[in-house]
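S.K.: Given next are the chains, with one letter for each unit.
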Amino acid sequence: MLKLFLIEKFFVSLFFLLIAIFINDKINISGFVSKDAFAITAEEMLSDTILERRARDISAKLRCLVCQNQSIDESDAELAIDLRKQVREHLKDGMTDNQIFQDLAEKYGEFVLLTPPFEPATYLLWGAPLLILAIGLLLIANLFLSSKINFPKSSSDTKVFSDLKTKTFEQNKTDKEINYGQSRQIPNIIKLALPVLILLLSAGIYLSIGRPDLIDYSPSDDNTLRAITENELLEKNQLALKSFKEAKRRVEKNPDSLSAQFMLAATASQIGSIEDEINALKKALLLSEGDTRIKSQLAETLTRQADGQVTKLASKLISEVLQSDPKNIRALYLHGLELSQKGELKEAISYWQSTARQILPNSPLADRLKSDVEQAAELAKIEIPNLTFLNVPDVNIDDLESQNNLIDVNKEIFEKKLSQFSDLSQNEQNQFINKMIERLSSKLQEEPDNFDGWLKLAQSYLLVDKPNQADNVLISATYAINSDEERISLIEFALLSHPSSSSTALAGAQLSMLPISLKKTYPIKFLQGEYSRQIGNNEEAIRHWFDILNHIPADSDQARTLRLYISKLEKAF
Amino acid sequence: MNARFFLPIGIFLALVAVSAVSMMSMLNGDQAREQLPSPLIGKDAPELILVPFDTTLSTSQRQVDLKQLMGNGPFAVNFFASWCAPCQKEAPFLEKLSNHIPIIGVAYKDKSDQLAIFLERFGDPFIKIGFDNDGKTSINWGVYGIPETFLISNEGKIIVRHAGEITNEVLNSLLIPSIKETTR
Numbered sequence: 001m002l003k004l005f006l007i008e009k010f011f012v013s014l015f016f017l018l019i020a021i022f023i024n025d026k027i028n029i030s031g032f033v034s035k036d037a038f039a040i041t042a043e044e045m046l047s048d049t050i051l052e053r054r055a056r057d058i059s060a061k062l063r064c065l066v067c068q069n070q071s072i073d074e075s076d077a078e079l080a081i082d083l084r085k086q087v088r089e090h091l092k093d094g095m096t097d098n099q100i101f102q103d104l105a106e107k108y109g110e111f112v113l114l115t116p117p118f119e120p121a122t123y124l125l126w127g128a129p130l131l132i133l134a135i136g137l138l139l140i141a142n143l144f145l146s147s148k149i150n151f152p153k154s155s156s157d158t159k160v161f162s163d164l165k166t167k168t169f170e171q172n173k174t175d176k177e178i179n180y181g182q183s184r185q186i187p188n189i190i191k192l193a194l195p196v197l198i199l200l201l202s203a204g205i206y207l208s209i210g211r212p213d214l215i216d217y218s219p220s221d222d223n224t225l226r227a228i229t230e231n232e233l234l235e236k237n238q239l240a241l242k243s244f245k246e247a248k249r250r251v252e253k254n255p256d257s258l259s260a261q262f263m264l265a266a267t268a269s270q271i272g273s274i275e276d277e278i279n280a281l282k283k284a285l286l287l288s289e290g291d292t293r294i295k296s297q298l299a300e301t302l303t304r305q306a307d308g309q310v311t312k313l314a315s316k317l318i319s320e321v322l323q324s325d326p327k328n329i330r331a332l333y334l335h336g337l338e339l340s341q342k343g344e345l346k347e348a349i350s351y352w353q354s355t356a357r358q359i360l361p362n363s364p365l366a367d368r369l370k371s372d373v374e375q376a377a378e379l380a381k382i383e384i385p386n387l388t389f390l391n392v393p394d395v396n397i398d399d400l401e402s403q404n405n406l407i408d409v410n411k412e413i414f415e416k417k418l419s420q421f422s423d424l425s426q427n428e429q430n431q432f433i434n435k436m437i438e439r440l441s442s443k444l445q446e447e448p449d450n451f452d453g454w455l456k457l458a459q460s461y462l463l464v465d466k467p468n469q470a471d472n473v474l475i476s477a478t479y480a481i482n483s484d485e486e487r488i489s490l491i492e493f494a495l496l497s498h499p500s501s502s503s504t505a506l507a508g509a510q511l512s513m514l515p516i517s518l519k520k521t522y523p524i525k526f527l528q529g530e531y532s533r534q535i536g537n538n539e540e541a542i543r544h545w546f547d548i549l550n551h552i553p554a555d556s557d558q559a560r561t562l563r564l565y566i567s568k569l570e571k572a573f
Numbered sequence: 001m002n003a004r005f006f007l008p009i010g011i012f013l014a015l016v017a018v019s020a021v022s023m024m025s026m027l028n029g030d031q032a033r034e035q036l037p038s039p040l041i042g043k044d045a046p047e048l049i050l051v052p053f054d055t056t057l058s059t060s061q062r063q064v065d066l067k068q069l070m071g072n073g074p075f076a077v078n079f080f081a082s083w084c085a086p087c088q089k090e091a092p093f094l095e096k097l098s099n100h101i102p103i104i105g106v107a108y109k110d111k112s113d114q115l116a117i118f119l120e121r122f123g124d125p126f127i128k129i130g131f132d133n134d135g136k137t138s139i140n141w142g143v144y145g146i147p148e149t150f151l152i153s154n155e156g157k158i159i160v161r162h163a164g165e166i167t168n169e170v171l172n173s174l175l176i177p178s179i180k181e182t183t184r
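Chains B and U, in that order, give the protein sequences.
Under this note's numbering, the residues of the first sequence are numbered 1 to 573, in order.
Under this note's numbering, the residues of the second sequence are numbered 1 to 184, in order.
Chain U on its own, in the form it takes in the complex (with noise of 0.2 Å):
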């Protein structure tokens, strides 16, 4: 046996298995998506710059200041959408999550009447609510899929991000101990 006619193979094997099971984790459907780390984490919260659900409020009123809201506590900011099967799904955990802290709502490209048969038919756990109808306010939020949510710390910042619905395990697990984090 040659140690230097094996040896390359053996690397290449190697670097196949590597790219095999990277591969196959990949592949594994949604789990990679929604584990992409947020940037933003720690960070001061951008801005929500919303149409309001209300109609009658002008420009000038659209944009939900962030800064009144802190300094109660922390909050959470949920991107959802009437129109996407997972944000109905993820209703009654997000009504469970506003038992705790506020919420607000911002709905992804979505229209008032079908918004309005939404929360009549889900429930509104929402403080406030809101349209991002240009998607601006979406990206600036780095949300690649709704639905999303965000805790807000009583400081303004973004400390946990999670992509994808809320079950009664991401609500227990992650996001009622982070407030609890946060308040103590």
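Chain B extracted, bound-state conformation (with noise of 0.2 Å):
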């Protein structure tokens, strides 16, 4: 009898220690464990509050190689505190912990990784709770199933420990018939209840915080942690954020479309997010069939991704763009990266010369090509040679103010080719057009370079209803853009003719390299303010068309129909 409440009182006390653990760990209650000892220095942290918790969490699962039983975020040597550094740059470049720790388990072995990785080494390892709690299960029934086949008559109490003592049962016999008589007022299925319970309990913290593929994670605070730093990114670069999102949301329902991760690259670009850019970019790459232009981009997002070092990969796609597009100007840029990196400094040079032959003066690149230039022919100890740059086209601001409103001007066409269309039937409009994008494709692939060619085939595309191939076709487009009115005409298309998340996206980066000198004209503003319409920021939106009505006549017809609009979005609110 006391055996039998000793057992039962240290079963319900093990349940209690176990819960109380499993509380600990789950909503981590300081105090029960110290969690707070640690050994890094108010100047190591981050001021991003965000990234320093991940830094906290990503240091505590690192071993410190030199004391071995400790974290690094608890330890204090030398080497724990340039490891606590490392992983903060890391993060501030934008790395997942995934990669941090692969990049480190690379370096150092997997024995950096307090929490051990699982694989066929380690399956024991992490099977081994399952396994002991499967012997666990097994000894149970066993022990129900065979004592009832040996003593059917005896009552359960007795026979859970009834093996135990099969010599002595005989004998002891009286003595257990009394005992029956009190035993009896526990049922047996609490009994039995008991240990399955602390067996599927401990099961659960198994599978909750012990599962070899959460390793990476923190149990506690993974998901609020994630929460926020979502929420931070948002508040930081929304539109991008947004647009990088929906550019997922495109990829994911439609794969196969080389618009949606030819945008996925880009938008992830904006973000910053380069593992996601590099991946677009290689299945955009694979889809175009090794187009020269996506292969260049790949390039380079490949050297931005090695900290400026042309890779084996980037050289390698730097030369095959070069064989078959020799003016391509990123390739050239960036074989000129690859030269200098080498040492070969007056070839790098005139590289750079010929890749400043192709772009504007107030080009991003033309900076960079300035300052790399001089710094190359320093190393090289030659006079610093002058570049020469394309000539500014004339763009002429007051002709674009003059004309009334582009907008409408398209739009009207548009409607007009519709208007002609409604005389035929569903059946000849669709061969008409289907006619006409052949012709326009096969003109087209001869004059890759024929802006309104690629315009019209997206016009028709979306006439007989092929969204995703007037993305695609626009993504051609902006490649065939010589000039910035030609640009505009493509944003106008891209929002107001066809709006749809991959070509906002478009239009958003296309809105971003016109000059500033053309960003303050009315037209672009309108815009930007229905693009920011388009990507949900209803206050930006606004804040554009307010801009443009404060330098019109307010009787004029634009003026009355951004009221419109405006009111229209201000409802929305």
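Possibly wrong hints are sitting among the right ones.
Unchecked claim - Calculated Cβ distances over 12 Å to all of chain B for the following chain U residues:
(1) Gly71
(2) Pro102
(3) Gln114
(4) Leu115
(5) Arg121
(6) Gly123
(7) Asp124
(8) Asn172
As the list claims (entries may be wrong) - In silico BS3-like cross-links for lysine-lysine, where the CA-CA straight-line distance does not exceed 30 Å:
(9) U:Lys109 / B:Lys342
(10) B:Lys107 / U:Lys128
(11) U:Lys136 / B:Lys316
(12) B:Lys342 / U:Lys157
Unchecked claim - Computed spacing ranges between beta-carbons, pair by pair:
(13) B:Pro116 / U:Gln68: 34 to 42 Å
(14) B:Thr122 / U:Pro8: 18 to 26 Å
(15) B:Glu446 / U:Asn154: 50 to 58 Å
(16) B:Ala121 / U:Lys89: 33 to 41 Å
(17) B:Asp256 / U:Lys180: 55 to 63 Å
(18) U:Lys67 / B:Glu378: 18 to 26 Å
(19) B:Met45 / U:Gln114: 25 to 33 Å
To be clear, the hints were calculated from the coordinates, so they are not data collected in a lab.
In this text, a Cβ means the ideal position worked out from N, Cα and C, and glycines have one as well.
Hints in hand, dock the two standalone chains.
M.R.: Below, the structure is given as structure tokens:
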């Protein structure tokens, strides 16, 4: 009887202990086990609290190789301090937790991870709890089954332990008979349920915090942390993140769409997610069957990922691009960079000079080219060579402003086309357009720089309800842009004739490429407002449109239209 | 005797014995630490970006181009510091090693005046020497405590990593045989 009481007591206290551990691990009540002991100093910490928390989380999972049974978060060793710094730098560079773990494991071996990885060598380690659980269940089942067979008439509480004293059972029969009477008060089911419950509870704990596929996360605050990080990002760059998410959704829905992958790459670049960008570009490259433009972009991104070092893969891509397209700006620049890194400075400079000849002096690459050429010249101890840039095309801003409203003109053309078609039957319409598409496509293969052709092709695709193709065509059109006017008509088309998430993102990218002087003109301001509206930033849209209202006659048609737009948006608030 | 009674106890005792043995070997000092295998063995040696001992050199000249050293037979990279006692102890053996292959010295978190004294007192076996004061290069090489010595093959691959000081035994039974093996 005493024995039974003790065992029951043991199980109950074990039960509560497990619950206590479980709760502590889940919601991290400090005080149960002090989790605040750490060696990190104030100057090491990142100002970004989210990143800092991630850094602490990661550090707690990395072994300090000097002291070995401490994490680098707790250690004062020189190496631990350096590793903590490295973790924070990686985080600032936008690496994921997994990438950081992997990076260090590549250098120090898996021993550096305090939580061992799940792989053949550790199957037994990770599986042991499950194995022990299974053995426990088997033992319990066995005890009950065997005692039933051996002692069919005896009561169950004695059954549990009866096989341990098989020999003495017969002798103590009288005692036991007395015991039966008392112990019957505890129903069998409870005695069975207790150990089973404990086993289930431990299984639950194992599955929620000890599972091998969870190793890279902090079990306690992973989800909240991620949510906070997303919020922070959202605040910092709401627009970019929005278009990135949209692009991601599109890719998930339609992974074979070139435009979707391309947009994902573009938006990933905006939010600084280099890994996503590279993946998307690689897929886009496959889908486009080796398009040189995508190839050169991939080479550039790879180089960016390697902190400006031209990697082997990037170098291979660059030479491929230059073979088929010797005037590719990106490839020319990167090849120069590669040469300079090899120490062939003069050759590098000559490549950069030919790059300069193809870009505008106010393009973002121009400044970099200048400083790169200067540095290389200094190192090569030669005079800094002159860079000749492309001539600035004459864009007459007054001209643009005098065009009453670019948008309406294009809309009219579009509607006129539609009305022309309305006389024909649906079938005839489609036949006609399909023929046009065929003709245009073959023509554009010969003249890929025909911007108007691309735009017409996109319009035709829209008319036969193939928006995906239209998106693809719009991307080709971006490469054929030769002037700011063309850029503007592309933006107009993308925003007004064919609003889709991809074309919105495309329009956003093109808007950002317009020179500042043009951005101040009201047709562009209108488009900027429309872009903001499409990505859901109504405040920004209203701001842009009010800006126009302040500069045009209040009784003009445009002003009335704008006021209508604005009031619609304000209602939506 | 009941097997069902003694079997769990037997398993338990066996587990205790196994863990006790492994604990004992862990407690036996540095041995376990130095035997950590480097995952870099057989891979291309990482870049060596060092602050030059000759401080007149510019930033772009800091990188020791391992490719330039390649093709002339194997070489060694030694991570050390003037403030580290085992590094002083291994100096004579490093000197001997330098008779076999060229050695690049990486001074970990060191100062040039102290390093100069160190080199004068304990000898300078290095063909090239530089500082790793932010510890980044050491991290890239998977170094967790100085001194550490790497042997790099003719093709630029890491063939041997020895953590801890070079002793006569390490020199004669590990480093020199490995050099002979790669040059064969």
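S.K.: Among the hints numbered above, which are violated by the structure, and what are their numbers in rising order?
M.R.: Going through the list in order, the structure violates no hint and respects every one.
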